[in-house]
Amino acid sequence: MLLKFIGYRLLQLIPLLFVVSILVFFVIQLPPGDFITTYVSELENAGIAVSESHIQHLRDRYGLDQPFFVQYASWVQNIIFHGDLGRSFNWAAPVSEVISGRIGITMLIASLTLLFTWAVALPIGIFSAVRQYSVFDYIFTFIGFIGLAIPNFLIALIILFAVFTTTGVSLTGLFSPEFIGEPWSFAKFLDMLPRLWLPVVVVGTASTAALIRVTRAMLLDELQKQYVITARAKGVSEKKLLFKYPVRVAINPLISTIGWTLPTIIGGEIIVSIVLNLPTTGPMLLRALEFQDMYLAGGFLLIISVLTVIGTLISDILLAWLDPRIRFGGVEE
Amino acid sequence: MKSKRFLFFSFLLLPFLSILLIGCFEEDAATDLEDNNNDVVNDSNNNSQNDDSDSEFGESPYLSGMDLPSVEERLPKEPKVVNEFPDHLLDFEIGQYGGELRMLTNRVDDNPEYFIAANEPLINTPGLEAEEFTPNILKDFEVNEDQTEFTFYMREGLRWSDGEYVTVEDVQFAIEDVMFNEEITPTFPIVFRDRGEAEGEPMQFEVLDDYSFKISFNESYGGFIARIAMTNGWRGYTELLKPSHYLKQFHADYTPVEEMAEFLEEEGLGDGEWVQLFSIKDVRFRDLGSRDGLGLPVLYPWVLEEINDGMRVFSRNPYYFKVDSAGNQLPYIDEVHSILIEDQQTIVLETISGGADFVREWTSIDNMPMYRENEEQHGFRAKLMNMHLSPATIMLNMTNEDESWREVVQDVTFRKALSHAVDREEIVDAMYYGFAEPSTITDHEYDVDLANSLLDEMGMEVGSDGYRKTPSGEDFRIDLDFSDNSPEFIPIGELMLEYWGALDLNVNMRTIDYDLRESRRAANEVFATMVWQSTPLWYYPDSGDEWGRLWGDYYESGGTIGEEPPEFMKEYHRLLDKLFTVPVEEAVDVDAQMQELIGEHVLYIDLVSNAQQPLIVNANLGNIPEDESGATAISVNASLEQVFFRQ
Amino acid sequence: MKIEPNKQQMPGVTPPPENKEKKDEMKQEENYQVATQWQLIWWKFKKHKAAMIAGPLLLLLIFIAILSPFISPTTPGERWSDYRYAPPQKIHFYDSDGGFSFRPFVYDMEQVTDPQTFRRTFEPDTSERHYIQFFTRGETYSFYGLFETNIHLFGLEDSSVPLFLMGSDQLGRDVFTRALYASRVSLSFGFVGIIFTLIIGLVLGGISGYIGGRIDTAIQRLIDLILCIPTIPLWMALAASLPRDWSSIQMYLGMVLIFSAIGWTELARVIRGKVLSLREEDFIMAARLSGATNSRIIGKHLLPGFASYIIVSVTITIPTVILGETALSFLGLGLQPPVVSWGVLLQSAQSFESLAHHPWLLWPAAFVVYAVLMFNFLGDGIRDAADPYK
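Note that the protein sequences, when read in sequence, are chains A, B and C. According to the numbering used here, the first sequence is numbered sequentially starting from 17. According to the numbering used here, the second sequence is numbered sequentially starting from 145. According to the numbering used here, the third sequence is numbered sequentially starting from 578.
Excised from the complex, chain A in its bound form (with noise of 0.2 Å):
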């Protein structure tokens, strides 16, 4: 049964990914000019005149005259032929090369971040659900949307600026300056760590509140229920309450919630990184949209969308795995 269900949202899968290839693809190209125009006028800038046929050169050869569908086909064909996401203007190498070195640490943020954010939300809201109105219940409730409230990037610099007035060390970039550039090592690893926490907790500020109400009122709906009235009066304790029923059936919307969280934090990792320039996808991204790197930002937004795909789905079998409710409905459909 689990796994016709599973078979069946795998097959889903494929004209999703296919309608989010197309889209993709759409979005980059709405803006006006393309990159030739940018790398043209850069040229030129510098004092260098570009002859009208290399200019044709270089549209012919990336194939920028021709019909969108066009363009997207050979891009389609390519990744699904070869594997190949196609060439970045703007860096001069394939894209899976650029991207390769920065894709890891952005998951590596994301799904610190998440952990994070479940360390911190879920006793938070568990605890402010039980003690509801309690004076913990108001504190926890302001912080939580202080967090909430305060735009990320203004907390980055925030935090940037006491740090360094405090310390005189500016806390920008993952790795101490002796690290850039050196490969891996245990070293490094260490000296990554005191640098990571800054971006987790900022991403995950937001997301963090949001997360400790959803639970808050989940649990508090829960509570209420019958069976909980029930239970209570057959004298099962407190804890065991608690814990048995109630908080698992709250924590559902979380987990039915990781695939789309997955983006939220890799949008909000994009203004954090370019704040704490950190070596991650979301500054790359944000100069591939801004010089309409096509490819480049094409293959982003599609592994990122894919790795969001993939999370929902994930998600979407722990549900049904936890709530066979779900799992009929999804299948008799």
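These are computed hints drawn from the structure, not numbers from a lab. Note that beta-carbon positions come from the ideal geometry of N, C-alpha and C, so glycine has one too. Any given hint could be a false lead.
Only pairs whose alpha carbons sit at most 16 Å apart, straight line, appear in this in silico EDC-like list of lysine to aspartate or glutamate [unchecked claim]:
1. B/221 <-> B/354
2. A/241 <-> C/672
3. B/722 <-> B/290
4. B/714 <-> B/343
5. C/877 <-> C/858
6. B/714 <-> B/341
7. B/283 <-> B/353
8. B/714 <-> B/729
9. B/722 <-> B/354
10. C/621 <-> A/237
11. C/624 <-> A/153
12. B/613 <-> B/623
13. B/722 <-> B/744
14. B/714 <-> B/744
15. B/358 <-> B/343
16. C/626 <-> A/153
17. C/851 <-> A/237
18. B/283 <-> B/354
19. A/241 <-> C/859
20. B/392 <-> B/338
21. C/851 <-> A/238
A few chain A residues facing chain B, derived, Cβ under 8 Å [said to hold, decoys possible]:
22. 89
23. 90
24. 99
25. 103
26. 107
27. 109
28. 173
29. 192
30. 291
31. 293
Chain A is already provided as a structure; the job is to place chains B and C on it using the hints.
Same frame as chain A, but now just chains B and C:
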């Protein structure tokens, strides 16, 4: 139940998996780069400099242990002895070897500061003052009486950074096989045509002997020397001098295309696209940090050695051709590190925490208080030097296709009115702390009443919506679109809204992406914009790209594209041509005439002049001109090979 | 053992106060049974103290935003060129000699620029008190195009002296006034945004959950599609593609639409999930079996069932839109000067130089935090109250 737990734990494992993932990729990247790595020797004995008593030349201890010829053999027979500044700007001091100079950039493939630092023209002009021209890579040059023939003498024994000798063959290759090759260079560059004009005939080139060559024109072209020196777009040497021994392997005249297959594939090029391959490998001076430049022999003080995510390392060129007066081979500094930082504010933080040794491009006078507060503690100096640019100029594109726009903007009265409505004193005070002067190119008097009466005179009446209409009664709006190149642009833009709003004009302001603005400029879609421009330097004039796009096209293409300009623009272009054909002494007068023309016709609305620019340097750097010397910040940037770390 | 045997012995003689309490309780019980749903919600809402405070505070902000031209002491474009980066003025009741005044007053300031440190500092000029008055005459403004006036709620009598409650910016403009005007833009941005978002989210989420089948699948895939592309790049690309010749107001609406077009998914997903699980509940089944129409089932049984979730989502979404606007402004893609919004104001303040030397430029951030906090507290209270039968 068990499997559920397993799944949960695999989620916990996610971060660790990603670490593994990074590990794998990074390793790949690292091994890739090692191929290009020369063996870097980490030298600890720093005091061996200039101790070899039997040698008249000194060399950096950085190079000892490398398998290199002796320093005499590496230097040309007559090395260039520097001071790169005129003596009145800098009192030259013999420096010490060693150190890594950290620079910052926010561009992936490009560091404008490094580009300026490394740039080596054939002929240069000390301090970028354009008062005299001195040989740089060349040993000497001669100009005949009627300014038509230019003879150039090369330095014998000069070598590329890979140790190959630089000969006239390299010049011949650059000119005959590249510049005159219609496939690689479809449009012959203007600079190398008669009179420096698009209609002019291409130059004639003649090899005289192994170390000298001659370039001649049909008509006198006095500005040629100035044009191949520092001026007109940081030319560098690459147009006339290319490492032929390296580039021949990408040129179809020397290497069969089949043998290039491997390179073609690496660059993602199709069969037979050798021209593109050549253009990629022949890195023009602008892309010094581009990864295509790995392996390209150069004449710069430093050579691109390593690219990794976030940093580019340039290490000293053992064959660099300059020495100080004590015979020490330059540069003093062993390595330049270009560190990528994307966000402007993060660059500020890095700067004030002493994370860079040299910052010019990314400084802002608005941050001066921050610099001052931190300079003691973090070991740098915040200097205030002259700026080589006009930092903010408003340009109205007079050739935008919109008819009612043209009707108004092409009328000089209108442009005068806009200029009079601007309170330049306020801009100087608000944006530059008084460290600038109101621009005097145009009549700069602040007089709103006069401006209003000029508009009334034109027949621009105020309509029912409270805005002035065109003389023929159409709606009229000024769209001021600019990119946020400089921190003062947005507040200046807001001031413009206020100034021109006071004339009852409908003004709309938008900050747009740099590239978007560029593509709109290319498409002649810009109405009004704000830019910085280098026109205050006489040898850096502009042909009207921003304020008369189609007229500029007409001029540059020799009338094939664009639109025929009105008489005063033709006059402007005539002066522009003249600027480069007369000898240098006369050029300054021509420039004065051009300024006058710009002012009289208010070709653009210049706001401030003589602005100053903060320059951040490590407090231990030597051979940096004093603040009061009058040197420009950019000229300090251009002479980093003679700058050193004091120990 | 206890000292209460008496009571048990005499059950009829209960002390009067207790009796009254019980009566109240009974009365309440009675009320509880006859009260309408909204009455119940109100009673429950009243218990949430934070929300009870947040509600009026939020209303106050909205009120101030609407009346911003009148309340602010000047206009957002007015420049005092001798007061650049002026710090907030202190409001005095005592002067330096200890003289007391019931009416608060401020001192004029003198700007000094230090050519060495490049700091602009201000010395208060204590020679003259400038009293803060009500209904002063200042800059002329147009009140929503209805009428023109120069009367401001408060200000200084002498209009040549500025009143900077929150300091001034680089061009000498009043940060307080600008922040008030910005509230108008940013709050309305949130409200207009949520209306579009709600419409799309409710309709699509509801249809998806209730009807199910192919339509559900299609909508679900659409949601997955939008959710799996990171929002900020999507915003960026869309914001960059808005036509260039749009006026500020069109840009504003365009931005709102972009936010809604991307932001509805979360709401739709929540609603769909809720409908889906409610659909399986017995009382829906019962309603359906007893022949209730779809619209009746949706209106009577489903909507109240997930009203709380809609409200939670709404109260989270409005601040998200407000924050999204600031984020896009940070990237230089959002609303732009001369439009005055919180994001625009913050964009020019988000530099280390501002943090260090003129932190008062960050006051708009306080407005953002205030608004987002109040929305969340309010939403929290409504959420707790919205299911009154529990």
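Status of the hints after comparison with the structure:
{"no.": "1", "hint": "B/221 <-> B/354", "in the structure": "holds (14 Å)"}
{"no.": "2", "hint": "A/241 <-> C/672", "in the structure": "violated (64 Å)"}
{"no.": "3", "hint": "B/722 <-> B/290", "in the structure": "holds (15 Å)"}
{"no.": "4", "hint": "B/714 <-> B/343", "in the structure": "holds (15 Å)"}
{"no.": "5", "hint": "C/877 <-> C/858", "in the structure": "holds (14 Å)"}
{"no.": "6", "hint": "B/714 <-> B/341", "in the structure": "holds (14 Å)"}
{"no.": "7", "hint": "B/283 <-> B/353", "in the structure": "holds (14 Å)"}
{"no.": "8", "hint": "B/714 <-> B/729", "in the structure": "violated (23 Å)"}
{"no.": "9", "hint": "B/722 <-> B/354", "in the structure": "violated (34 Å)"}
{"no.": "10", "hint": "C/621 <-> A/237", "in the structure": "holds (15 Å)"}
{"no.": "11", "hint": "C/624 <-> A/153", "in the structure": "holds (14 Å)"}
{"no.": "12", "hint": "B/613 <-> B/623", "in the structure": "holds (15 Å)"}
{"no.": "13", "hint": "B/722 <-> B/744", "in the structure": "violated (19 Å)"}
{"no.": "14", "hint": "B/714 <-> B/744", "in the structure": "holds (15 Å)"}
{"no.": "15", "hint": "B/358 <-> B/343", "in the structure": "violated (22 Å)"}
{"no.": "16", "hint": "C/626 <-> A/153", "in the structure": "holds (12 Å)"}
{"no.": "17", "hint": "C/851 <-> A/237", "in the structure": "holds (13 Å)"}
{"no.": "18", "hint": "B/283 <-> B/354", "in the structure": "holds (13 Å)"}
{"no.": "19", "hint": "A/241 <-> C/859", "in the structure": "holds (14 Å)"}
{"no.": "20", "hint": "B/392 <-> B/338", "in the structure": "violated (29 Å)"}
{"no.": "21", "hint": "C/851 <-> A/238", "in the structure": "holds (14 Å)"}
{"no.": "22", "hint": "89", "in the structure": "violated (18 Å)"}
{"no.": "23", "hint": "90", "in the structure": "violated (13 Å)"}
{"no.": "24", "hint": "99", "in the structure": "violated (14 Å)"}
{"no.": "25", "hint": "103", "in the structure": "holds (5 Å)"}
{"no.": "26", "hint": "107", "in the structure": "holds (6 Å)"}
{"no.": "27", "hint": "109", "in the structure": "holds (7 Å)"}
{"no.": "28", "hint": "173", "in the structure": "holds (7 Å)"}
{"no.": "29", "hint": "192", "in the structure": "violated (11 Å)"}
{"no.": "30", "hint": "291", "in the structure": "holds (6 Å)"}
{"no.": "31", "hint": "293", "in the structure": "holds (5 Å)"}
Of the hints listed earlier, those the structure fails to meet are numbers 2, 8, 9, 13, 15, 20, 22, 23, 24 and 29, in rising order.
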